[in-house]
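The two chains are supplied separately, each in an independent frame; assemble them into the complex guided by the hints.
Going line by line, the protein sequences match chains P and V.
Position 49, counted from 1, in the first sequence is what the working numbering calls 49; the numbers after and before it change by one each time, with no gaps.
Position 42, counted from 1, in the second sequence is what the working numbering calls 42; the numbers after and before it change by one each time, with no gaps.
Any given hint could turn out to be false.
Said to hold, decoys possible - Using 16 Å as the maximum straight-line C-alpha spacing, the simulated EDC-like pairs for lysine to aspartate or glutamate come out as follows:
1. P:Lys-76 <-> V:Glu-219
2. P:Lys-76 <-> V:Glu-171
3. P:Lys-83 <-> V:Glu-35
I should point out that these hints are in silico values taken from the structure, not numbers from a laboratory.
Note that this is a predicted model, so its numbers are computed, not measured.
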Amino acid sequence: MSQLTEKEILDTEPTHHSEHIVSPKVYGLIFASLLCLTALTVAASYVDLYAFNVIVALAIACLKAVLVILFFMHVKYSSRLTKLTVAAGFFTFFVLITMAMTDYISRAWGMW
Amino acid sequence: MDSQAIATHPDQAHAEHEHSPYLRHHFANLEQQKETSTFGMWLFLLTEIMFFGGLFCAYLIYRNWYYPAFVAGSHQLSIGLGAFNTAVLICSSFTMAMGVHAAEMRWRKPLIGWLLATIFLGCVFLGVKAIEYNEKWEKHHVPGLNFSAAGFTKQDPKYPEDRPLAPDMAEKTQVYFSLYFAMTGMHALHMVIGVSILVILVFRAWAGAYTQGHMTTVENFGLYWHFVDIVWIFLFPLLYLISRHQ
Numbered sequence: 001m002s003q004l005t006e007k008e009i010l011d012t013e014p015t016h017h018s019e020h021i022v023s024p025k026v027y028g029l030i031f032a033s034l035l036c037l038t039a040l041t042v043a044a045s046y047v048d049l050y051a052f053n054v055i056v057a058l059a060i061a062c063l064k065a066v067l068v069i070l071f072f073m074h075v076k077y078s079s080r081l082t083k084l085t086v087a088a089g090f091f092t093f094f095v096l097i098t099m100a101m102t103d104y105i106s107r108a109w110g111m112w
Numbered sequence: 001m002d003s004q005a006i007a008t009h010p011d012q013a014h015a016e017h018e019h020s021p022y023l024r025h026h027f028a029n030l031e032q033q034k035e036t037s038t039f040g041m042w043l044f045l046l047t048e049i050m051f052f053g054g055l056f057c058a059y060l061i062y063r064n065w066y067y068p069a070f071v072a073g074s075h076q077l078s079i080g081l082g083a084f085n086t087a088v089l090i091c092s093s094f095t096m097a098m099g100v101h102a103a104e105m106r107w108r109k110p111l112i113g114w115l116l117a118t119i120f121l122g123c124v125f126l127g128v129k130a131i132e133y134n135e136k137w138e139k140h141h142v143p144g145l146n147f148s149a150a151g152f153t154k155q156d157p158k159y160p161e162d163r164p165l166a167p168d169m170a171e172k173t174q175v176y177f178s179l180y181f182a183m184t185g186m187h188a189l190h191m192v193i194g195v196s197i198l199v200i201l202v203f204r205a206w207a208g209a210y211t212q213g214h215m216t217t218v219e220n221f222g223l224y225w226h227f228v229d230i231v232w233i234f235l236f237p238l239l240y241l242i243s244r245h246q
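With the rest of the complex left out, here is chain V (with noise of 0.2 Å):
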């Protein structure tokens, strides 16, 4: 209600004070409110699966097309850094949860701590990342920007049961780095917003905000942070796993 409708109607301004400060006038009562935002935060999701859906859905055909360069390029994936980063993700989704429990018992300071530690666990995952990159350019195996596909036709003196491919299909490997920096490198995205987000959601919680029974942001942030989670969880037996004994 604007100014002007309190200002000639005072029985009604008086009124607008039963209601909790943080509820906008379209909404009949919080819980209204608060169905609403998570609605809509699911329906932002769902865009986001039919997004990663897209990928997933063209590395399994590509696969399929090229599977001994599929099989070859994911050999040169570290399972020891694949599963590390897998656990800190899961990690962070439990401090993530926690978080959203402190804000829920309004606990200021864990609310804080919970947040910060999501944020360290975000850094760690982008930096074994970041390491995962540079062994793949030092290896020149970033289709596009520095290419080599020499070693694919050579026998891997780490996988002896690996026939080396032919040059053809050596070629074909820059099918599987490509979709593999695009869909890693989508979902490294999506964790840099998220650690963006977390670290203006720390500062506002500093000032006291979501500790006072109105926590939808931190709610609905948790659904994104536990989404970019369920999205690492199918990358990396995808891109890391499935091909090991093919």
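This is chain P alone, in the form it adopts within the complex (with noise of 0.2 Å):
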């Protein structure tokens, strides 16, 4: 068999699911940035930093979540498919906040 890239296996197995098996060293390695960023989280929020609490929180919150996601919940080591549907669905309920967030902001307030 030719040398194919690694986008041509991937674009002639549209379905494919590789048995991939995530090795304990990279969930404890995962385990440990997630308490890491929780201990983070929690002296951010000592600090004053103004507007900027909300948003360090809410980072470090996502970036929690992308870890859960891509290494607890295998999404770094699915399909396509599968990739597709979680990308889809976030990006789908950001439209969702994002309009009706938007909806308020342009609405008088402080007037209500």
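In structure tokens form, the structure reads like this:
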């Protein structure tokens, strides 16, 4: 069999599900990172960053969620179908949140 | 294939034995069967994301509407208990991931051990949540059942920089606590369902299931458990942390 690039292999096997077994080492590493990020977000909440308290807290939460989704939920090692499903779901979710927020922001804040 | 067909086509019946015993007849092969169940599980989780997303959206909008009430309400929560529970849930996600790994490696006893550890950590989380709910009840912070805004119109000695709320804004802390109970309550309900399913998984794993190559159930349950963890990863900063300095 001639040498195929990874992309070509994926293209010829659209539902290819690699039987990738994630090693406990990876789980341990992600586990430790999640605990560190939790400590970091608690510590950051005790520092007065004004408006940035919210942004820092949500950014850390998003990072933690991405780590859980990619590694604990195996999306990094999943087929393209699964990756697309997850991405499409979150994209739709952000569209809905953005539209709802845009509606409220474009009305007179403080005048309700 | 039903038994009638096997009886009339013995050659096909022989072919059936080539297949894995847990391959359902409407799938071409095990890979497709597994892919389909993963796809279906993720679709379910996406509906869950939309469900919790609606609550998060309501929280963000009301927080902007009744900002001082939400800050005062948030100051009633214990960051220590919230952080402890976050760590407990992250540990339980780790034990669940290790359980899935044990099933992949076909290790029966480690699988049962990791699932039991997950049950234990899930129960610890629910226990701490019960302590927090009990504290809310004692402080009269349960809207609809046992609520008094009196505490919010006076100076709180724990937060000397907090100014007392006007009586109408103090009443709006009910919106904060309603959303607090709706969001953490729905999350706790998911935890209770998760622990219940885990108990069933342990019994079936005890009987030898999931460690003979077919472990889609454990894997998909793992997805559910990690999803519940992710919901808490967002609930913790939004409810406990972001108003600390406002």
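Q: Mind listing which of the numbered hints don't hold for this structure, in increasing order?
A: Going through the list in order, the structure violates hint 2 alone and respects the others.
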